[in-house]
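Going down the list, the sequences are from chains A and B.
Numbering-wise (the numbering used here), the first sequence opens with residue 10 and increments by one.
Numbering-wise (the numbering used here), the second sequence opens with residue -4 and increments by one.
Hints may contain errors.
Claimed, not checked - Just so you have them, the derived chain B footprint on chain A, three or more residues with Cβ under 8 Å:
| no. | region |
| --- | --- |
| 1 | 176 to 186 |
| 2 | 221 to 230 |
| 3 | 236 to 250 |
Stated by the list, open to error - Distance condition first, Cα-Cα at most 30 Å in a straight line; then the derived DSBU-like pairs of lysine-lysine:
| no. | chain 1 | residue 1 | chain 2 | residue 2 |
| --- | --- | --- | --- | --- |
| 4 | A | K151 | B | K51 |
| 5 | B | K256 | A | K287 |
| 6 | A | K183 | B | K24 |
| 7 | A | K420 | A | K183 |
| 8 | B | K256 | A | K183 |
| 9 | B | K256 | A | K30 |
| 10 | B | K(-2) | A | K183 |
| 11 | B | K256 | A | K280 |
| 12 | A | K275 | B | K256 |
| 13 | B | K175 | B | K189 |
| 14 | B | K(-2) | A | K199 |
| 15 | B | K(-2) | A | K151 |
| 16 | B | K2 | A | K280 |
| 17 | A | K183 | B | K2 |
| 18 | A | K183 | B | K21 |
| 19 | A | K420 | B | K227 |
| 20 | A | K174 | B | K21 |
| 21 | A | K287 | A | K30 |
| 22 | B | K(-2) | A | K174 |
| 23 | A | K204 | A | K45 |
Quick caveat, the hints were computed from the structure, so don't treat them as lab data.
Don't be surprised by glycine CBs; every beta carbon is placed ideally from N, CA and C.
What follows is each chain in one-letter form.
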Amino acid sequence: MANLSLTKVKMPEQDPNVRNKNFDEVALGYTEEMAKEEATRCLNCKNRPCVSGCPVNVRIPDFIAQVVEGNYEEAYKIITSTNCLPAVCGRVCTQETQCESKCVRGMKGESVGIGRLERFVADYHMAHSKELIEKAEDNGHKVAVIGSGPAGLTCAGDLARLGYKVTIFEAFHKAGGVLVYGIPEFRLPKAIVQKEVDHLQALGVEVRTNFVIGKTLTIDEIFAEGYEAVFIGSGAGLPSFMGIEGESLVGVYSANEYLTRVNLMKAYSDKYDTPIRKSSAVAVVGGGNVAMDAARTAKRLGAEHVYIVYRRSEEEMPARAEEVHHAKEEGIEFLCLNNPTRILGSETGEVSSLEVISMELGEPDASGRRRPVAIAGSEHELTVDTVIMALGTSPNPLIRSTTEGLEANPKGGLIADETMATSRPGVFAGGDAVTGAATVILAMGAGKKAAASIDKYIKEKGSYQKIF
Amino acid sequence: MFKIVAKRQLNEAVTLMEIEAPYIAKKAKAGQFIIFRVDEYGERIPLTIADTDPEKGTVTIIFQAVGTSTRTLAQMNEGDAILDFVGPLGNATEIEGYKNVCVVGGGVGCAIAYPSAKALHKAGAHVDMIAGFRNKDIVILEDEMRAVSDNLYVTTDDGSYGEKGFVTNKLQALIDAGNKYDLVIAIGPIPMMKFLAEVTRPYGIKTLVSLNPIMIDGTGMCGGCRVTVGGKIRFACVDGPDFDGHEVDFDELMRRNSYYKAQERESANHECRIIKAGKAAEAAADALKTGLDTAASFTKEEK
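Here chain A stands alone, though its shape is the one from the complex (with noise of 0.2 Å):
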């Protein structure tokens, strides 16, 4: 008999005036108890409708009746056929657009909690399993993986189980893209993505950090080493800035160097050298998952006020409910329907305050939501000492200045058709360097897809042939 309760089993949390305070996880997971709770409320639908909404296909049904059973391990081993890091997943998808917006539960109630019992079952699987990971048999032919984010991870996972030599060349020192140097500490502890990494290495893939391709070595010198293939997943490029007044004043921030300085070089822990600014008031300007990962991360180093400053209203807000409601929990002050006109500085050049203008919505622009209009003489002042822009990124053009035959769309993303090939033979790409700034899930989605393509490429290429 299912469990018929309307709402999730609730998620444990730190109290939000403590969390606010330190960068600990703010969800602490499902206890065993919890998570067979939740499972039971899985109708187990024939159509699985979740399913079709997951953009990597993970058997949800399949691995919650699992859960229920209480055979974790199972759950898991269903979870990893199609998805490579559900630690991952389980904390920092966008369910709720996903898989859990398909869920027939949700039409009356809410949905099955699908994230937070894949995360469950891949903490579970953490902390208990010792079983030796399997390789797959080595089938001889080498594949490159640009990036080391959720989508080169993803497309480095797939072909590794396929038998393929693959090898990951990531810039920073350190393996996760933005898994690493952009999702905070209390929303993705960086221990989780580490283990998620050891695993792939454990499973053969090779990760090279320090490697800026485009730099250090052109596709054209990968394809010379023996790759057959190259998947490019190098992520989003440069922050947008507003070009309004006062841009360049010290104590202004794009979002991905603050959250790159606190994430990736934990200036947060005074054993590491990293420096930041101590702020007592922040404007964060922008409404999407990362302004609200900036403006938590700002209150956290002890900014008194923080503020989201939106041209937009909050029904507007790109940013998923859950990131927003926590945000409000942790005191940050929601500033909506307020746009920046110029940053006012002193006479040292640092941040003083900000001038916002009031907006009021109009008719509805080519997105489909009502475009914010300007109220004529409604500009005034906040008070603040930094602002952090959270505007999102243009591409990168390392790769595509740097190899030949390589299209790209007016904006500077590469062009990839629906199997991730772009217009260059052997070379495929996916994830926000072809799409712009989205989310984790679809990078991943694109890994995979652009990892089935790799495959197929190799073998219909005729050099396909098992070497060992």
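Since chain A is already given, all that's left is putting chain B on it; use the hints.
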């Protein structure tokens, strides 16, 4: 890990190291830079490449110990290894098509000016070089610079070596003497580059400066290295590090580079990792005194 295969002290505060990095050695061109991270707790510090030996697979860096990471690096020895070393980053200095060039280096900036002069000289240009230092004791790379230039003019602020005066005076004198340069390259402390660009502006001589803003990834992701050039935001790591000196907002750059000054001082005060290891804090104090000679070390190392 990247092995230090050679180390040489150029003056009390400036160190030369050859690092084993074969991929970078094969690729690097004059004007490009690397980023190193000395150990797990260190920052990512950009340094312009001073020289390479593709055969040996080594990259030469020259740096002044001014911040935590460069101080730690300066204490390391041949045979030790640096945790991270990545590059070559940024664009190479334009060297094609110039006939008569003046390359100006200030202090440790000479370490960056040297490879540019070398590349131009090799490309067949007539190269005059002006190398300015505060005093005789900190003169570096004199023989090397002499070997890659047609004329080398050394100046010192106090007149203790070479000609007394600033590099700006010398460049003005050379222009006044009738030298027709089609390119001036200026590399050194920000004020030096700023004033040098003012010397060439009235004559319309193309003037390239190599900028050293705060940077983290060096690949066009963090946006920390943005500089205003010709009224537009440019990113030194992917658009530079060389820019038109007549267009750069140097005052803004100077403010942005002093971003973490106070914190760095604090960090130097309770920098226990180094002091515990019994390593010289004195060298650091001396380095601070040498003031402006910081062109080769950026990030919060900039003083």
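Q: Go through the numbered hints given earlier and state which of them the structure violates, listing their numbers in rising order.
A: Violated hints: none at all, because every hint is consistent with the structure.
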